[in-house]
Amino acid sequence: MMVALLKPKLDALEARLAALSLPEGGWSAAARKDALSRLGATGLPSARDEYWKYTRPDTLNAPGAPRAAVFEGSETPIFSQRDRLKITFVDGVFDPAQSDALELEGITIERLAEAGTKDIHWAKDLYGVLEARGQSPVERPLAALNTAFATDGILIHVTGTPSKPVSLVYIHRDEVSDAILHHAVKVESGAEITLLENGPAAARFNKVLEVEVADGGKFHHVRAQGRDHERRAATHIFARLGEESLFKSFTMTANGVLTRNECVIEFTGDDAVAHVAGASMGDGDFHHDDTVFVTHDAVNCESRQVFKKVLRNGATGVFQGKILVKKDAQKTDGYQISQSLLLDEDSQFLAKPELEIYADDVACSHGSTSGAIDDTALYYLRSRGVPRREAQDLLTLAFLAEALDEIEDDSLAGEIRERLDGWLARRRG
Amino acid sequence: MLEIKGLEVKLEEEDKQILKGVDLTVEAGSVHAIMGPNGSGKSTMSYVLSGRDGYEVTGGTATLNGEDLLGLEPEERAAKGLFLAFQYPVEIPGVGNMTFLRTALNAQRKLRGEDEISSADFLKLVRAKAKELKIDAEMLKRPVNVGFSGGEKKRNEILQMAMLEPKMCILDETDSGLDVDAMKLVSDGVNALRDEGRAFLVITHYQRLLDHIHPDVVHIMANGRIVKTGGPELAMEVEKNGYADILSEVA
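Here the protein sequences line up with chains A and B, keeping their order. Under my numbering, the first residue of the first sequence carries the number 1, and numbering increases by one thereafter. Under my numbering, the first residue of the second sequence carries the number 1, and numbering increases by one thereafter.
Check the hints yourself; a few may be wrong.
[As the list claims (entries may be wrong)] Across the chosen pairs, the derived CB separations fall in these ranges:
id, chain 1, residue 1, chain 2, residue 2, range
1, B, Arg112, A, Asp409, 50 to 56 Å
2, B, Lys124, A, Thr369, 38 to 44 Å
3, A, Arg428, B, Gly113, 17 to 23 Å
[As the list claims (entries may be wrong)] Lysine to aspartate or glutamate pairs mimicking EDC-like chemistry, simulated, CA-CA at most 20 Å apart:
id, chain 1, residue 1, chain 2, residue 2
4, A, Lys53, A, Asp285
5, A, Lys86, A, Glu103
6, A, Lys331, A, Asp421
7, B, Lys141, A, Glu406
8, A, Lys248, A, Asp374
9, B, Lys141, A, Asp410
10, B, Lys167, B, Glu27
11, B, Lys141, A, Glu418
12, B, Lys110, A, Asp421
13, A, Lys86, A, Glu243
14, A, Lys331, A, Asp270
15, B, Lys184, B, Glu152
16, A, Lys327, A, Glu406
17, B, Lys131, B, Glu76
18, B, Lys167, B, Glu76
19, B, Lys141, A, Asp409
20, B, Lys141, A, Glu103
21, A, Lys248, A, Asp297
22, B, Lys167, B, Glu8
23, B, Lys228, B, Glu76
24, B, Lys141, A, Glu402
25, A, Lys326, A, Glu354
26, A, Lys53, A, Glu243
27, B, Lys80, B, Glu152
28, B, Lys153, A, Asp374
29, B, Lys141, A, Glu408
What the hints contain is simulated information worked out from the structure, not anything from laboratory work. We put the beta carbon where it would ideally sit given N, CA and C, even for glycine.
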């Protein structure tokens with residue numbers, strides 16, 4: 001990279017580093033040091049970077065978190081009515097009073113902050129490892145920053161099939177809190193887990209989730225971001241998938257001035273399946289960015305990317321999705337769809353779908369559309385007595401349905417649908 | 001029940017007059033049929049009555065039980081008892097047929113100030129009505145009209161009508177695209193709804209539908225007007241001789 005372009009990125013990094021201190025290392029010290037040195041070569045993201053053209057990184061780079069008012073919603077937090085192992089972080093700090101004991105049959109679970117002082121740990125082969133692999137061919141400096149400076153996180157070693165999901169609850173209390181959390185999940189062969197996440201976390205949240213799924217393992221992930229508005233979040237998921245494994249991740253986002261969700265998936269074993277999906281709804285100064293990179297480096301794997309965004313009053317949606325099929329990844333089945341429903345002419349959707357294929361026997365397809373509510377369908381519903389606003393909401397939910405279909409568990413899908421329905425109904429008043 | 005006086009309608013987007021003074025009165029308990037050549041304005045009239053965008057009323061009135069229809073939103077017209085069975089029922093991916101029916105039924109009840117129907121009562125009702133129309137549970141679960149055959153779509157229209165129990169039912173070429181068996185099913189569905197408090201306006205090209213749904217009055221529409229009104233024998237005449245005789249007679 002030209003020095004002139006790198007300079008501001010390094011300056012941004014220098015300013016940011018001055019406000020941070022490297023946590024005590026233990027087994028993670030080497031990974032943190034490595035991440036820091038990689039960061040020293042790349043600097044922080046700049047608006048001139050290929051994958052930051054549509055989303056301004058300034059507020060994610062800044063030394064301090066921009067102020068974000070705490071959102072007080074009246075509704076019961078999502079997932080709270082289900083049987084789960086609950087782990088709560090308030091402004092990025094573990095809160096034992098609002099957390100269950102870290103014990104569940106079929107898994108071992110511990111906090112990064114407590115596991116970090118031992119010399120040997122299973123997570124040593126995972127922490128920062130997938131993140132480092134995910135830096136090529138596209139730099140992801142905020143993830144490297146996370147590996148270096150994460151103050152806490154949850155490490156889950158899945159050896160069986162626990163009876164209930166692990167549920168991470170993020171609470172925002174401090175208007176200028178700046179949280180950096182790093183989770184690592186290792187799913188052993190034949191094991192299966194569901195991970196839930198919800199809540200605003202902090203004024204600014206930088207989160208990495210590394211997931212390794214061994215042969216025949218299954219990982220389900222359902223995440224709810226919102227309805228808080230002023231917070232900013234940059235999240236990364238890095239997944240490496242073994243033979244016949246299954247990875248499913250779904251994210252619902254409502255509101256948020258800035259959300260950048262990156263997902264980097266690598267198939268290393270044959271016959272594996274990865275579905276990543278998102279449904280987001282934004283209004284006004286809403287900016288939501290899904291950046292996905294799927295690498296097929298094994299035979300007969302299936303990947304699906306399904307992203308839907310509902311935008312109004314000048315909201316912005318971004319989708320950057322790539323499928324890379326390496327030379328020997330024959331029989332790859334890759335699918336990608338990104339769609340926006342624009343409820344007015346002020347909103348915009350920026351999409352950059354990419355396919356890069358080196359194998360010759362693959363089926364890959366992608367599509368991207370922007371559209372308005374279907375007038376004929378709207379009239380049909382109204383002619384049956386459904387008022388305009390309600391009919392619009394029904395069609396909005398219908399638009400998002402394809403993304404919700406990617407949630408394997410029907411009751412979780414139902415809870416997400418109910419939440420979206422409730423939010424739409426609240427807007428109707 | 002339905003009273004249309006001197007209704008004049010043009011397309012909103014272009015200067016094209018479609019209806020040029022329609023006069024029509026449909027009494028409660030009766031079945032009226034409208035026949036007429038293509039482009040005579042039959043479907044436009046059904047759209048205008050149900051409140052579809054894209055048309056401009058330039059003259060005349062339309063009332064349902066004495067209340068003005070033309071100033072109301074489509075959903076308000078529906079709540080007051082107007083129902084249009086579409087010539088081309090609309091596919092709505094992502095919205096389940098059951099959700100659609102329950103939402104519509106409850107929305108109308110709400111607009112009329114009535115209580116919502118309970119889930120149990122709704123299920124009982126929809127199952128009974130669906131059975132009569134030979135609509136299976138699978139069809140009820142699917143998204144509205146998505147992947148339905150032409151006949152299934154029309155049966156689904158009649159199911160909606162049976163569920164919503166409107167007072168004034170307009171059927172726009174409900175027979176188009178139906179085979180003999182489907183036509184019988186649809187007609188039986190309509191006939192089952194006939195009663196003193198309900199009226200039907202059946203738009204069709206063919207006598208054969210009227211063999212199943214017997215009209216009390218038959219109107220011929222041409223060039224944006226009702227040009228002739230008579231009994232069931234008028235439909236027979238059209239079937240036999242086409243429109244040419246009638247049109248030359250009234251020209």
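Worksheet entry | Structure versus earlier hints, numbers of those that do not hold, lowest first | 1, 6, 8, 13, 16, 17, 20, 22, 23, 26 and 27
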